[in-house]
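One letter stands for each residue in the lines below.
Number of protein chains: 2
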Amino acid sequence: MGGLSSWRDGPSKRAIEDFVARVCGADGPQPVPVEERLAVFDNDGTLWCEKPMPIQLDFILRRLVAMVEAEPELRERQPWKAAHERDHGWLSAVMAEHYAGDDTKVKILAGGVLAAHGGISVQDFEALSDDFLRSAQHPTLGRGYLECAYAPMVELLAFLAANGFSNYIASGGGRDFMRPITQEVYGIPRERVIGSSTALEYTSDDRGGTVIRKAEADYLDDGPEKPVRIWSRTGRRPLLGAGNSNGDIPMLDFSRHHDKPFLRLLVLHDDEEREFAYTSGAEQALDRAASEGWTVVSVKDDWASVF
Amino acid sequence: MGGLSSWRDGPSKRAIEDFVARVCGADGPQPVPVEERLAVFDNDGTLWCEKPMPIQLDFILRRLVAMVEAEPELRERQPWKAAHERDHGWLSAVMAEHYAGDDTKVKILAGGVLAAHGGISVQDFEALSDDFLRSAQHPTLGRGYLECAYAPMVELLAFLAANGFSNYIASGGGRDFMRPITQEVYGIPRERVIGSSTALEYTSDDRGGTVIRKAEADYLDDGPEKPVRIWSRTGRRPLLGAGNSNGDIPMLDFSRHHDKPFLRLLVLHDDEEREFAYTSGAEQALDRAASEGWTVVSVKDDWASVF
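If you read the sequences in order, they're chains G and F. Just so we're aligned, residue -18 is where the first sequence starts under the working numbering, counting upward by one. Just so we're aligned, residue -18 is where the second sequence starts under the working numbering, counting upward by one.
For reference, chain G alone in the conformation it holds in the complex (with noise of 0.2 Å):
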């Protein structure tokens, strides 16, 4: 069931197709049980694009500007100068000194970010993340975020699925921010959508009360955080695990049983021309899939359309 046309033939989409196969029991003595089915997946720079930079970092980007248009001080202090310059200077050394060891303007950003929709309804957020999700344009491949998504990847989830799969996407970026679009854009529903949050906190009222984001940060799905999020959220080890950098390194360790079958990718963004070439942020997954043998996706061999 399914398929995988817009997969090259090669090693990728052969380790691909032998393990759903041993999953359902081609070549055991008994297919997987269907409920212990679990495949996860990063999105950023894994299901959909995150170069130049995260599409929800454009979307914090374009509140902070209009936070300085509606309170024009804000113009002098960081993050909300550097949104309202458009200086991508400041927003590159973020990443740069993270990498280097120096969070200093990482807590600057957080800041911003989450006061950019601190003390709004939930509702009220996924409203704006929606809109803008459908709305604004990735700034240099000429089409919609929503047209972003990875081909093969959204393939190879319909591949799982109609294998008996439940697939989740287990991303560093905002819970919240992706449940609006995961169902039309990856068959993903909102309850198998796990991924970082702010504190949460519920207030009554006499009409239902509302859940409302609060300005402070509760947790970061990311790194080692993600094998206990996926347990909390699902309560099982994933047969199949998917991501592209470091902070993947843990779930896709998670990923690995001694008695049934798993497969772990990891992208590697090598195509300049039809998407972007990088391996910075996800030297030690690299070298951890050399030695794990992880099966390195290839965006330049393996797929044979991007999006």
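Certain hints may be false.
Same chains, same label: a pair holds when it works inside one copy or across any pair of copies.
In silico EDC-like cross-links for lysine to aspartate or glutamate, where the CA-CA straight-line distance does not exceed 20 Å [to be verified]:
(1) Lys281 to Asp187
(2) Lys88 to Glu264
(3) Lys241 to Asp(-1)
(4) Lys241 to Asp187
(5) Lys241 to Asp186
(6) Lys32 to Asp251
(7) Lys281 to Asp252
(8) Lys86 to Glu52
(9) Lys(-6) to Asp199
(10) Lys32 to Glu254
(11) Lys32 to Glu264
(12) Lys281 to Asp68
(13) Lys195 to Glu66
(14) Lys(-6) to Glu172
(15) Lys281 to Glu254
Simulated from the structure, these hints should not be mistaken for laboratory data.
Mind docking chain F on chain G? Use the hints.
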């Protein structure tokens, strides 16, 4: 589809049947889409018996007793002392003082609860819970704990599922304590169990790593935390909320819509002969049921059989 044969004819059964008929489009222009048919249930005192003590408390006390056997000096410290001496007076005082606003003993008990299963993997914890729930007997009802689920509520869950609902447990009890038995007892898969949890930590190794329970609380899924956790897990507002105590008020409040059918159920324990009769811890919930028109389910009047 499905039926409610262990419910006596009366206003509660009628309210349930009317609600489900409206959700399925019996007298509206169109049915509520299946993906929006979310129902949430408290567990202790709503789906299964919570007297003379919550089932999980029995599990924990037995573990504390075992800890004293392995480490006799714990005998002098609370709550190990009370567990070892079967001092129900001390344990009753915990709840009595808690309701009176004094949480000194609650904190002492919590320290023991967290230590009881700290430092073990989530899988090992589940194996302990599973074994306990399948072997231990209720202290007074003359039945195993898995037979302490309320037959009419199990029937209600099946009736809802047969009508397209996704049923979730939203319990103050431990999520990982319930998970091994919810499919079998309630037809609720483990990914639909929301409950309290200790803090968890991922530790890596070369065999897939492990999620470990830390001896510290993460959150207590009770009161205003219930709507927050329901939203976090499902991204939806329930159509049906069912509970039995003050801690369920925000969840039942949250199960309200202005444009869809909704139903709030409050189980009233008023049957000393077949189960237990008590309203302690449910006083405000009963007041709210009266003022908000929640459906009060009388164990004595509404249930033809209890177990």
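Structure-inconsistent hints, enumerated in ascending order = When the structure is compared with the hints, numbers 1, 2, 8, 9, 12, 13, 14 turn out to be violated.
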